[in-house]
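Colleague: Chain by chain, the residues:
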Amino acid sequence: MTGLNFADVMQLAIIGLAQGSLYSLIAIGLVLIYKATEQINFAQSEFMMLGAFFGFQFIVLWGMPFWLGFLLAIAVLGGIGYTYDALVIRRMTGQPVFVVFILTLATGIVLRALAGMFWGFDSFSLPSMMPGTIDLTGVIIGWDHVIAILAAALLSLALFLFFRFSRVGIAMQALSLNQLAAFYMGMPVKRLTSSIWALAAMFGALAGLLLGPIALVSTQIGFIGFKAFAGAIVGGFGSIPGAVLGCLLIGFAEPFFDTAFPTLKGVGAYVIMFAVLLVRPQGLLSQMHQKKV
Amino acid sequence: MSWLEVENLTLTFGGLKAVDNLSFSVEPDTVYTIIGPNGAGKSTVFNLICRIYDPVAGDVRLGGESLLSAKPHQIVRRGIARTFQNIELFEHATMLENLLIGRHSRDGFKPLRELFFAGGQLEQELAHRRKAEEVIEFLDLQAHRHARVSDLPYGIRKKIEIARALVAGPELLLLDEPSSGLTTEETADIAFWIEDIKADLGITVVMIEHDMKLVNKVSDKVLAIAEGRFLAEGTAAEVQDNQDVQHAYLGTGHD
Amino acid sequence: MRITFRKSYEQDIRLFRDGAQAAWYLGFLAVALLMPLLVDGYYLDELSFVYIYAIAGLGLMILTGFSGQVSFGHAAFVAIGAYAHTIMMTRYGVPWLLSVPLAALISGIAGLALGRICSKMHGLYLAIATLAFALIIERLIGSGGDFTGGHGGMPVPEITIFGVELFESWQKYFVNLGVFVGVLLLVRNLTRSRSGRAMIAIRDSEVSARGLGVDIAFFKAYAFFLSAALAGLAGTLLAHAFFFLSPESFGMGESIRLLLMIVVGGLGTIHGAVFGAFFIMLLPTVLSWIKVLLPAGVAASSGLDSLAFGLILVVFMLFEPDGLYGRWLKIHHYFNIFPMYKRRSFQRQKTFLKTERLR
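Residue numbers (the numbering used here), protein chains in the order written: chain A, 48 to 340; chain B, 2 to 256; chain C, 411 to 769.
Check before you lean on any hint, since a few could be wrong.
With a straight-line Cα cutoff of 25 Å, these simulated DSS-like cross-link-like pairs (lysine-lysine) come out [what the hints assert, rightly or not]:
#: 1; chain 1: C; residue 1: 417; chain 2: B; residue 2: 132
#: 2; chain 1: B; residue 1: 222; chain 2: B; residue 2: 199
#: 3; chain 1: B; residue 1: 111; chain 2: B; residue 2: 72
#: 4; chain 1: B; residue 1: 132; chain 2: B; residue 2: 199
#: 5; chain 1: B; residue 1: 72; chain 2: C; residue 2: 530
#: 6; chain 1: B; residue 1: 18; chain 2: B; residue 2: 72
Think of the hints as simulated: they come from the structure by calculation, not from any bench. Keep in mind it's a predicted model, so treat the numbers as computed, not measured.
With the hints as constraints, model all of the structure from the sequences given.
Modeller: Listed below in structure tokens is the structure:
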């Protein structure tokens, strides 16, 4: 990689890490749902989009205080996630996985269209949580990037502790092992499943709110959600640490890839994914196994 | 020399020995039954014969030739067809289509002939159909030809799975718990069919079975295994009288 | 109520079960052939699009509907076909009649390559891998410079067969109809022969397909090849319908639309691809009639079309995952056995979550 000095490399690395952190917030939502129900939520990136849009509505259009609007947007998405599972996805229990594929994909289209009708199809940016930059010995980084990295790291840790130590977290893990057994043990399976959807949607919303100040937000940002899919697959879908690791890897490598191969700018994440899958078809930390007969 | 020979077969999952140095052999034109408590490794033996798993050690030979060089999809061409413990039919196809898929190994890949439906394709299809009809007649499945498998009751599906294996024209038929989930009456029917398969079609049957009534009725020889290891072999009565077998089933093997 | 009495095995193998069925389909063909006398150029062009999308849909049906491999990136093969065809015609002077099958072949080979790479992937992995492939292809075409015309795009010459230029709507209509009917026959032949059955076997149970001698990797790759070749073939025709190619016409949205099209039509059936193509082309027309009834503000919104499309899909997935063709079969059945229809005859089986993970 010619023409890049140390400061440039550091800058690209931190931007990449920030991007990867946002991917991993989306991916955590995907993997949470997958682990609990083996369903794939293709509307996850639309949850992210809605999070950003609600934040825009509350903070910019209605002039709420930043933190209030921020938390309210996350709460609203939690409600949407819960309701979506309770009203729609729950009816699909026992149907082939493919039906849920298509259902969530279609939901994504509906949400994009609705968002476009309410907020328009133009792009806008969200106010920054902490404007300004930080100077790390010549490497100048926006606080927004730093916050994205810190938020993702803290939340991953919090999630780990939640699943390890809290009653609800352990119940959710049991659910992911065997739904029917969990039901027989008297666990509120329906409520737990909906809560997981709510949690996933909240992670998506957070990603959207953190992305807002860094990149432009429009109905099309949903498409970066597919990079979260790529990252989760690189890490091995079905494991949260794997998904986070894969997303960080992809986000980190992306800016360098774009610099090195300008003709493939923007699709580096997918090229990397193919490369990893060729070497390890199950991803780096896999938890999928062959079906038993 | 016996026909199907399993020799010192061993398979481990992690540290666990699923099949442990197991040997047995099957004479042609007999019904050979494998019994054993749950988790004894019975289905694993089938999966090893069918090459779904690679053994850690040992060999499986059919007619003196080792099967270990074959890929899973080549096993049927060596003359082995099987059924599964939990029915593995093609659910979204009709029964007839299921049986015709059973003919897959009896024809080669001829893309142009297929796509243009020319050059003897019709004759070939008719030949497959006639073979399928023979089996439909044999197992009394005439009523269900065009029914989707997922719409059919469990007992019929169980029978279709046997039919599909027979359509492939095997010399050795592996039946994984043919009576599980069936009523007493249906199980009695299965017993007749297994005897017919041996006597009329000249097919050797290796069967995993829990229903001792069925085992007693049709088996020429019975093998009992537990924890992947050989326990006893002999006639049904001999094996049931065996102390080790009784211990394995009653769980008093630790005294 | 009409019952088919089968008198010979051939009835289940031939194209049509009996005379009545043959009459129906020949009737449809006759109507299609007479269309240029009945409607004007605009509607002929629309119908041409239906045929072209149906060809691409049939291609995707082979992959997703028959062999059970989902593709989120089929527009890429349409793009490869369209671009290969246009480039061969304009840059190398390849005649139309040769260029079309060659372009389909090139697309098929691309499909084969992707299929080999993805031979071990299922479900989500395959979906994202095909999606990634499509995005990479779109990107490569976009940065292809003069060769592909880049993001600026490239014009498409008219169809020329033996020196005769076909540019009138009705002329192109017959070309598209002819190819469409040909493809229908090919796919029908596939479904009634060994390879087609092998694909269905792979879709429903890989383990027992393997037990019956199906070489899974081979037939998955074959499905990819045929599927991509048909998508490429559709691409060659689409190029002439578009007049102008640009990578954005074959983006991710288009891939998803193709997939949703065959799902709405009815997955796993030939009818499904055709019904889906009609649905997707007629939807905007029907919506434009409905829009008249809506308040101006709502009707003018550009999200309305995709909102309707998404909502219809959601409703189908919730209440009729068998698609339009499945619904049609039920209505047909209802009248056939009237008044004996029971809801139960088509009740969906519910199963509890059966995990495929071993842990």
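Colleague: Run through the hints listed earlier and report the numbers of any the structure violates, in increasing order.
Modeller: none
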